[in-house]
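Residue numbers (UniProt numbering), protein chains in the order written: chain A, 1 to 382; chain B, 1 to 338.
Wrong hints could be hidden among the right ones.
Taking lysine to aspartate or glutamate pairs in the EDC-like style, the calculated list, with each CA pair at most 20 angstroms apart, reads [claimed, not checked]:
1) A:K254 with A:E364
2) B:K299 with B:D319
3) B:K145 with B:E285
4) B:K278 with A:D280
5) A:K371 with B:E285
6) B:K278 with A:E348
7) B:K45 with A:D280
8) B:K278 with A:E360
9) B:K45 with A:E364
Simulated from the structure, these hints should not be mistaken for laboratory data.
Here's the letter readout for the chains.
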Amino acid sequence: MSTQDDADYQHSIGAAQSGDEPIRVLDDDGHLLSSAEPPALSEAELLEMYADIKLARHFDQRAVSFQRQGRIATYAPMTGQEGSQVATSHALDDEDWLFPTYRDHAAKYVHGADLATLLKTLRGYREGYSVPEDVNLMPEYIPIATQVPQAMGMAWGQLLQGNDDTAVLCHLGDGATSEGDFHEGLNFAGVFDVPAVFVCNNNQWAISMPRERQTASGTIAEKAHAYGVEGVRVDGMDPLAVYAVTRAAIKKAKAPTDDERRPTLIESVQYRYGAHTTSDDPSVYRDETESETWRDRDPLDRLETYLYQTDVLDAEREAVIEARVEDEVSAAIETAERAETSPERMVEHVYEETPDRLQEQLDELNALREKYGDDAFAEVLG
Amino acid sequence: MSSAAATEAGSPTERLTLVEGVREGLHTEMERDDRVMVLGEDVGKNGGVFRATEGLMEEFGGGRVVDTPLAESGIVGSAIGLALSGLRPVAEMQFMGFMYPAFDQLVSHAARLRSRSHGQYTCPMVVRAPYGGGIRAPEHHSESKEAFFVHEPGLKVVIPSTPADAKGLLTAAIRDPDPVVFLEPKLIYRAFREDVPQNSYEVSLGEASVRREGSDISVYTWGAMTRPTLIAADNLADEHGVDCEVVDLRTLSPLDVGTVVASFEKTGRAAVVHEAPKTAGVGAEIATTIQEEALMYQKAPIKRIAGLDAPMPLHALEDYYLPQAVRIQDGILETVEF
């Protein structure tokens, strides 16, 4: 996390934006735009961001491959979107809250989720939703847009309790902007002027539906204005631009100036290279050459080019990072694959104290396991 | 099989899965009645996430097979308006676990438009949703909360368990003058095939089907649990000489009280099998109905074999949550040996 003061970035970055064009710091090839200033991140912070994006991509590739091997269940890939996820979490302070969706694996990891725990969810263990005690992170949200009013409420709670140090960042997708919860949450956020930042990861597709069929608005960012919330469009495949606008929005949420309002809706314009999930086949509904166009603006490639150009990265450092990333992901997989569970877990934490009736149901089930053995439970259809 | 009786004699058949039966029901009804339209997320170009609407957009066009924005309340609310305008909308919810945003539109409006307007306005529409566990789906994708809808007067709730019934019941649901919640057991979407008549036919709503005749106990079930219940019945006959009658309810609301009670009067014992949580599930309604209507025939307590009163677990444990043949057998034996 950076704690540097970047109050003046909005102005300098704003120079790179015209009309609805997303804010950018890097061009498609990773060169610094002449009209933009890079965010004042230290070399160490830049390298950390780069390593996290690299880890996210490696994790994603292995997860998709594991799903194909039947070692994990349905998985929502994030390749193409890691730059934005990593950058938004880097822009948070430790005390800030993160509300992630089912695709925000990298955002969760950067904010403090354990990689092996995250993988346990994919292996079908509810324990995978557990959150380390010192991390302000919600379990991932699967129903669409439900997190928006809740994140607003968490931010409202911070305001009511005078916690000026804490902002809330809420991820959502472009499809989520069609749900009532999005509009209710944004409207409340504007009315109560809460310290919240909503990041819409506009990856262009809600399963088979293109962004244009999700809303007739020209942009998603412009929806913010109807609620009295600031709207910003950023190139979601430019990690430095995403970092800068998110950092500015978080700072504003906590300490707005007299003419500013706390909440911001950031439209992070990006692309889902792969399928919605491993159960989906995008070739049915979209032209795959579209994906190639977006790959030319790849967030990992662009940041890598920039870091080589500025001598922050060299081949030796890259190799060290690569090895570290591979080791970390492998270790997490090994830990997750060693995980065990038992039917007791089904009733744990349903209530603080398990009701007698539910305990009896579990006892009955365990008596049957004892009698018939676990193999008898292996398949429902026999 | 009862659905065969509802078809015209001599209609050619084809071997279909349950999801193909759903698609055929939509297809034949859209061909027959141009007021019928399909709307929902990904139902058009993508053909539905389970491919239940595959090919329909190509055949009937984007005006009758409509990809909507991602908004369940919007889909069901607009379906109500479409029905009010004279069309026959069939709305798809991608998973039952995502129906809750549409709950208000269903229970506050679709269910009571007829009664609130003293019959002036009606709401002939169908809301389809895959339900239930057993396919290793993510959280919120394996819900079985049919009781929510059964509890609401004005709604009909239908759950097929065979491909032929899926087609015939869906056809009847589309033609029904009232709103119907049509829940599809995704565990058996593609588990088996059977002969399905190619012509258009109805399987009447509100009529249960006796899938297996028996004399010792009546076992009531529906949807995906029908298969393991029939397996359990066969095992009990082979291993214990217990003769189970298996009744597939097919329509949970309105309940076929006549068939439920007639079977119980024959056997004097009952078990209900459902994968939904036990407490306040539809099993409780069936047990109470039997008590009210046929107490004097009762030889043993009525057994509910159900999901736990806990959220459906992620997939590593879902096979423990769902009633298995052994659990069903054990529950039935306990009742028979009472």
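Results for each hint:
1. Distance restraint check for K254 of chain A and E364 of chain A: the Cα-Cα separation of roughly 52 angstroms exceeds the 20 angstroms cut-off, and the hinted pair is therefore not satisfied.
2. Restraint check for K299 of chain B and D319 of chain B: the C-alpha separation of about 32 angstroms exceeds 20 angstroms, so the hint is violated.
3. Distance check on the hinted pair: K145 of chain B and E285 of chain B sit about 14 angstroms apart at the alpha-carbon level, within 20 angstroms; holds.
4. Restraint check for K278 of chain B and D280 of chain A: the C-alpha separation of about 33 angstroms exceeds 20 angstroms, so the hint is violated.
5. With a C-alpha separation of about 30 angstroms, the suggested pair K371 of chain A and E285 of chain B falls outside the 20 angstroms cut-off, and the hint is violated.
6. Proximity of K278 of chain B to E348 of chain A is assessed by CA-CA distance (about 17 angstroms); at most 20 angstroms being required, the pair is judged to hold.
7. With a C-alpha separation of about 13 angstroms, the suggested pairing of K45 of chain B with D280 of chain A holds against the 20 angstroms cut-off.
8. Distance hint between K278 of chain B and E360 of chain A is fulfilled; the C-alpha atoms sit about 12 angstroms from each other, no more than 20 angstroms.
9. With a C-alpha separation of about 47 angstroms, the suggested pair K45 of chain B and E364 of chain A falls outside the 20 angstroms cut-off, and the hint is violated.
The structure fails to meet hints 1, 2, 4, 5, 9 from the earlier list, while all remaining hints are met.
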